[in-house]
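J.: If you want the building blocks of each chain, they are given just below.
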Amino acid sequence: MILAIAILCGVVGLLVGAVALIRRSDRRLGPGPGTPSTPSTPATGGAPDPIAAYLDRMSGELALPAADVAEVRAELADHLQDSIASLEAEGFDRETAIREALGRLGPAAELGRQIRAAHQSTRRLLAGAGGGIFAASGAFVLGYIAGGFMVAGLAVGLAAITAALAAVGLHLPDLIQDPHGIGGNSILIVLATAIAALAATRYAVRTSASLSHRTPQAFAVFWAVAGGLGFGWWALFGLHGYQSWPTVAAELCIPVAAVAGALLRTERPFVRAPRLAIVVGLIAVIVLPLILFAATGVSSVSVSTTGEATSFQMSDLHLDTVAPMAPTKWLPEAEVISGDYTVDYASGATVVSADRLAGPSSSTPDTTLPIQPLLSNWRDIRFEAWHAISIDLPGPGGIDTHYTSPFAVQPATLHGDSLSASFSFQKYRNAGSWWIVLTAVGPDGHRYRLDIGGGDSTSFNGSAWDWLTAPQ
Amino acid sequence: MPGRIRGQLLKGTTTLLVLTVLREGELYGYEIALRIRDRSGGAFAPSEGALYPALHALETDGALEASWRESDRGPRRRYYKITKAGLGMLDAHAEEWATFSLGMARAVGGADR
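Note that the protein sequences, when read in sequence, are chains X and B.
If you count by the working numbering, then the first sequence holds residues 1 to 472, one letter each, in order.
If you count by the working numbering, then the second sequence holds residues 1001 to 1113, one letter each, in order.
Among the hints, a few may not be true.
What follows is a list of derived Cβ distance ranges for each label pair [as the list claims (entries may be wrong)]:
id, chain 1, residue 1, chain 2, residue 2, range
1, X, R57, B, E1070, 28 to 34 angstroms
2, X, Q217, B, G1041, 44 to 50 angstroms
3, X, R23, B, T1099, 45 to 51 angstroms
4, X, L126, B, S1071, 31 to 37 angstroms
5, X, I145, B, E1095, 52 to 58 angstroms
6, B, P1075, X, G30, 19 to 25 angstroms
7, B, L1087, X, L126, 24 to 30 angstroms
8, B, E1095, X, V221, 34 to 40 angstroms
9, X, Q217, B, E1070, 30 to 36 angstroms
10, B, E1070, X, R268, 28 to 34 angstroms
Think of the hints as simulated: they come from the structure by calculation, not from any bench.
Beta carbons are placed, not taken as given, at the ideal position from N, Cα and C, and that holds for glycine.
Isolated chain B (complex conformation) (with noise of 0.2 angstroms):
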């Protein structure tokens, strides 16, 4: 699919792409998987399947907090909110991201030679 990465490269970025979102603020499951969409020009897409038990792991490692409340439209929604030790797993996480494209990066732009 043409402007769309596969999903195989996407194994294992959801975790990163959700506490980037969440990083700016509150949201709830829908707003997570549109935010990430959009931020990445509709590049990447995540499994919307993928995306709950992510979402609630992330929840069980205590890198967010889930609570219920009244969404300006619509019932009553699920929103997340990163957690200070959220904050400290998206900079490790960014900062393997980053080592991982910079060397994906040299090896396949060849951008050192």
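For reference, chain X alone in the conformation it holds in the complex (with noise of 0.2 angstroms):
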């Protein structure tokens, strides 16, 4: 409890820093106070105004923060005016106070180097590297969050588009082929990431540059580089969960999405929206669609099930595709071989097993047998893997008849009185459902069947980069 409330507390505190730091690199990137003291332009009448040619060289030497550039511009303006005034008061005529005046300061580019240099200290560069990775943090989390109800509106919107096709009888296609329907929720959490990966590196940008007394360019490619690379190996390796090819495609957005927030108008704030856009926004993205909902009577679709047993036939799991049933002169009938198999959900292996039971017609049903004996009669006994006919469907399931081959086979070691193998077909990236088959070579030469085997769905469960690397 402690521990929950000192975590809460810590996060409020870096969102309350985060943001009072980010506002105030706002306000210093920001155009700053000036002074209608400070031109820029032309003097009247065509010919260049002096003292804004000297500021404007001055100022391009300067690579300071918007607003720093604005004060310094101000400050000397003021000091050549006082100044100016002063040399006209001792007699000069206009023109020669003005170049008197500016022949005091110097060479306007060396002044900007050298206001420049006393601004930019080693310390304020490790204050704006430290100021940045705070504020990233910070932002990466509002980001998140903002994200979050980014993609809600999205979501919603696009159930909504996709209930009024199904409406007037367009279904889009399936991209996500997610059988446990998490697909779609993978997607948009990704998607709320890449908008908080944009968030931190903009203004670990934005924060740098404004501790240090840099401009926001002399950071960028450093954090763009540095939200790529991080933001990419934790794309990659780090968001385990659910997988598919959108599913990966909006994860490799996320890298991109650093290196946009740290690259583009980052010496600009967000665009504003009005707040009438934001409520017209909202009213679109959320009212619109549950009217849709209503009109188009999609939102009280269910699945009706009859509940009527559905009776089937061995030879409907087509468990001939994968090979013949051992004949019984070397598999008696009196003898099964019962399969199971768990998921061990630690490292998400599915583990099967196989045991030698005295069949039903044994005067001892069920009795588990020494499985022995059939490593004498049979070799290369082995689990075989198939694709299968979902389980979800109505029907029994059995073999894909698709498919001519498993898609992951795995030899059975013994362990005591059974047989087992291990397989990982949350690393593969079409598992869906599946079928394990125990068959062996007998002494025929033949490949057999040796149980009716079982069967059951897996999602794809790892990162990226397993998913880039995984097999079929």
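Put the two chains together into one complex, using the hints given.
T.: Below you can see the structure in the form of structure tokens.
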């Protein structure tokens, strides 16, 4: 409890501190105070204003945040006004007074370089680096929250469009193809993360620039590389969960968003949408889809089931696609091989085991028999994993006859009185629904099936890198 | 230039001069330049081009604080105020200068001979 409160306080402190830092950065990178006495346009009559030209040359060497540049310009313009007025009071004409006042300040470019050096100390550079990391952390959290709202609106909008199209008979293809229905959520979370990455690098650049008294451009490449590498590593190896091509594509958008956040428009604040536009947008994204749902009646769609038991034959499983059943001379009818599989949630592996049982006609049904004798009659005993008809569909499941070979094979190893093997279906791109059968090569040299096997379905679980390097 | 100290001799003294005049109160850039010239009877007239980099460097080091304020006449000015750290820096510089000037006086004028 205390730990939870401490963590909550820490997060709130981080956000408050980051917001304060970001707002301060926005002010420093903004236009600054400026004064009417800082001309930057030619004087009337078309002749270039020597004061403005001097200040422009000096400003060109400053390479400071906009507010600092404006301050320096304003300060020096004030100085020149005072100096010129004083010289005119001493009897100089206006033109000579201006020339003399500018001469006393020295070469414009040199003055600009010296003032820049005065601002850009090593201490400020270190503060900029540290502040950039702090602001990036806060901006990431805030960006994730804002991104969550944005993608939620997007999801509602897409659902409304899908529903509307379905109502008129148009069905969008299932690009995600996730049997457990979590793929869509994965993409939305990843998109929110991409928005957070963009906000993180953007405010890292702006805060670093502000605290170190440098221009955002001075930090853009650094944070683009750091953000691209950091978020790229995270997107490839750090984000674990359901994967699909659309999900992986969305994940690879995260480092791209980080690089874009560091490079694009960092010298200017985000475009501020008018309040009316935000309200209209929210209505369009949330309210209209709800009206659409209500109008089309899609919200009440449900799957109806009759509850009738479906009878099926063994042949419906299409097990002969795998191999013919073992002849009784080598596997007596009084015996059966019974398989079982469990998912090891720690490793994500599906562990398969098979036992030799005294069968239904035996006087001692379901008695486990030593399996070693099998090893003398059979060789190359292995578990084969085949793509299967989805068990979510009506029917018994069984082998998908579109395939002529298993997608994964593991040799059966003896453990006590059982044969076992381990599959990592979660690391296969298209494992989906699968059916596992125990097969072996008999004394006649042909491969036979030793059991009827069993099936289930598995979603891919891993990183984007796991997906990209996964077997089919 | 008679009555004026050559620029080379002034190098390194701008910080001491700026901190000294700001000990008496807040001033803006042009006022600081005038005050130094007036206080030294025209002997010290730091380059105006060197004044602003020195002011900004002192601000970066925390010796000065700057703020924009309305002036008695004319537009808003950027006023400089010496900080506690600046006072410490002034004492250190003044001591350094006293040692230096005494040494120079002895070496050049033979005061102890």
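J.: Hint by hint, say whether it matches the structure.
T.: Right, here's what the structure says about each hint:
Between R57 (chain X) and E1070 (chain B), the C-beta spacing of about 29 angstroms keeps the proposed range 28 to 34 angstroms intact. Checked against the hint of 44 to 50 angstroms, the C-beta distance between Q217 (chain X) and G1041 (chain B) comes to roughly 48 angstroms, which is consistent with it. Evaluation of the 45 to 51 angstroms hint for R23 (chain X) and T1099 (chain B) yields a pass: the beta carbon distance comes to about 47 angstroms. Our hint of 31 to 37 angstroms for L126 (chain X) and S1071 (chain B) holds, since their Cβ atoms are close to 36 angstroms apart.
Roughly 56 angstroms separates the CB atoms of I145 (chain X) and E1095 (chain B), a value that falls within the hinted 52 to 58 angstroms. Taking 19 to 25 angstroms as the suggested C-beta distance range, the pair P1075 (chain B) and G30 (chain X) conforms, at roughly 20 angstroms. For L1087 (chain B) and L126 (chain X), the Cβ-Cβ distance of about 26 angstroms falls inside the hinted range of 24 to 30 angstroms, so the restraint holds. Range check, E1095 (chain B) to V221 (chain X): about 46 angstroms between beta-carbon atoms, so the 34 to 40 angstroms window is missed.
Look at Q217 (chain X) against E1070 (chain B): about 34 angstroms separates their beta carbons, and that is inside 30 to 36 angstroms. Taking the beta carbon of each, E1070 (chain B) and R268 (chain X) are about 30 angstroms apart, inside 28 to 34 angstroms as hinted.
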